[in-house]
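Join these two chains into a complex; the hints should help.
Chains H and S are the protein sequences, given in the same order.
Going left to right, the first sequence walks through residues 1 to 134 as the working numbering numbers them.
Going left to right, the second sequence walks through residues 135 to 178 as the working numbering numbers them.
Each hint should be verified, as a subset may be incorrect.
[To be verified] As a list, the in silico DSS-like pairs of lysine-lysine whose alpha-carbon atoms are at most 25 Å apart:
id, chain 1, residue 1, chain 2, residue 2
1, H, Lys55, H, Lys117
2, S, Lys159, H, Lys20
3, S, Lys165, H, Lys20
4, H, Lys36, H, Lys55
5, S, Lys143, S, Lys165
6, S, Lys167, H, Lys20
7, S, Lys167, S, Lys143
8, S, Lys159, H, Lys36
9, S, Lys167, H, Lys55
10, H, Lys55, S, Lys159
11, S, Lys165, H, Lys55
12, S, Lys159, S, Lys143
13, S, Lys143, H, Lys55
Hints in this document: simulated from the structure, not taken from any laboratory.
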Amino acid sequence: MFCRQQVAELAQHAPSFNDKNVCLAVIGSGEPHHFKEFREVTGYGGLLFSDPSLKTFAFLGFSSSLAGFMSIKSVVKAFSALKNGHRQGAVQGSTMQLGGAVVIDPSGSVRYFFAGKRAGDHPDMGDLIRVVED
Amino acid sequence: MEHNRVSVKNLGELTLVDALNVPVKLSDLWKEKTAVLIFVRHFG
Numbered sequence: 001m002f003c004r005q006q007v008a009e010l011a012q013h014a015p016s017f018n019d020k021n022v023c024l025a026v027i028g029s030g031e032p033h034h035f036k037e038f039r040e041v042t043g044y045g046g047l048l049f050s051d052p053s054l055k056t057f058a059f060l061g062f063s064s065s066l067a068g069f070m071s072i073k074s075v076v077k078a079f080s081a082l083k084n085g086h087r088q089g090a091v092q093g094s095t096m097q098l099g100g101a102v103v104i105d106p107s108g109s110v111r112y113f114f115a116g117k118r119a120g121d122h123p124d125m126g127d128l129i130r131v132v133e134d
Numbered sequence: 135m136e137h138n139r140v141s142v143k144n145l146g147e148l149t150l151v152d153a154l155n156v157p158v159k160l161s162d163l164w165k166e167k168t169a170v171l172i173f174v175r176h177f178g
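So here's chain S without its partners, still in its complex pose (with noise of 0.2 Å):
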């Protein structure tokens, strides 16, 4: 998928936990600053 292609309001429906497991919409990681994200394949 390129860049240009990707839903960012899709995108930012989905979430993730945090170490609490806690779920974050993805969205609140841009709604006040630009967001770098990472995503590596796995913790090992």
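For reference, chain H alone in the conformation it holds in the complex (with noise of 0.2 Å):
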């Protein structure tokens, strides 16, 4: 439920990335066959991408211990996930890997960067949205 809100929110908010210009992407790590329903899901139209072995996720740090799995902040947030609509469908994709994000310009230089430590911690939008305006 924690993805389809996070990018059902992303999915929002499209427009003022493609505004800026940049390369928005998704990245999970399910099989690609499960892009479509996801898609229908979350509304979210941009490109989307699969690394179902997780290696970019190990090498970027992202948490995938189940302690990190679930918190009681976490148990607070999927109430709230789900009072806003947001059910959990089949996962498609490592439960216990956490995720996260990263902004990374041309020169190679790594602007913003972002791993959540508990499910259901998502990078904030604005910020995000505040690091492409730079």
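So, in structure tokens, the structure goes:
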């Protein structure tokens, strides 16, 4: 449910990124044949990729531990996501894997980095938009 | 890992797959434009 909530939110902000002429991409870890359903549920129509090997997640240091997967805070966020209509679908990818975000410019500079510490931790959309506005 | 410790060169060598299971080199995403990459836990 967290991922659907996050990407549905991202879909709403996609025009802000497109206006800035940036390459916005969502990367998951499930099989690509699940992309269609994911797009339908979230409304996200942009670039979508997968890393079933989880190598990129590991390289960036995104947690894949049980401790990070569930906590009291993440349970509270789960209820909030459910309240907003974002039900958990059939999970396609690693349930223990946490996500994050990185912004890299053509010179190879990392302009933003975020690593979720618990399920339900998402990068702030306002922060991301501000980074690409600079 | 803090962002100033990310080795962009090494990260860029890793590959993703697109909807057709075709490998895509990560560095291709920031070759011409700034890339905003959102990593989600799963597609559920």
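Hinted pair, alpha-carbon criterion (25 Å max): lysine 159/S, lysine 20/H. Please report holds or violated. This hinted pair holds, its Cα atoms lying about 23 Å apart.
Would you check the hint for lysine 143/S and lysine 165/S, treating anything up to 25 Å between C-alpha atoms as holding? holds, 12 Å
Pairwise hint evaluation, lysine 55/H against lysine 143/S, where the allowed Cα distance is 25 Å at most: Holds, because 15 Å separates the two Cα atoms, which is no more than 25 Å.
Measure nothing beyond the straight line between the CA atoms of lysine 165/S and lysine 55/H; if it is 25 Å or shorter, mark the hint as holding. Between lysine 165/S and lysine 55/H the Cα gap is close to 20 Å, so the pair holds against 25 Å.
Would you mind confirming whether the straight-line C-alpha gap from lysine 55/H to lysine 117/H stays at or under 25 Å? Holds. Lysine 55/H to lysine 117/H sits at ~18 Å (cutoff 25 Å).
Hinted pair lysine 167/S and lysine 20/H, Cα distance within 25 Å: Holds. Lysine 167/S to lysine 20/H sits at ~10 Å (cutoff 25 Å).
Run the distance test for lysine 36/H versus lysine 55/H: straight-line Cα separation, threshold 25 Å. Satisfied, since the Cα-Cα distance of roughly 23 Å is no more than 25 Å.
Distance restraint between lysine 55/H and lysine 159/S, which requires alpha-carbon spacing of 25 Å or less: Measuring from Cα to Cα gives roughly 13 Å; hence the hint holds.
Is lysine 159/S close enough to lysine 143/S, meaning Cα to Cα at most 25 Å? Between lysine 159/S and lysine 143/S the Cα gap is close to 12 Å, so the pair holds against 25 Å.
Can you confirm whether the C-alpha distance between lysine 167/S and lysine 55/H stays at or below 25 Å? holds, 23 Å
Are the Cα atoms of lysine 165/S and lysine 20/H separated by 25 Å or less? Holds. Lysine 165/S to lysine 20/H sits at ~16 Å (cutoff 25 Å).
Does the alpha-carbon distance linking lysine 159/S and lysine 36/H stay inside the 25 Å limit? holds, 22 Å
Checked against the numbered hints above, the structure violates none of them.
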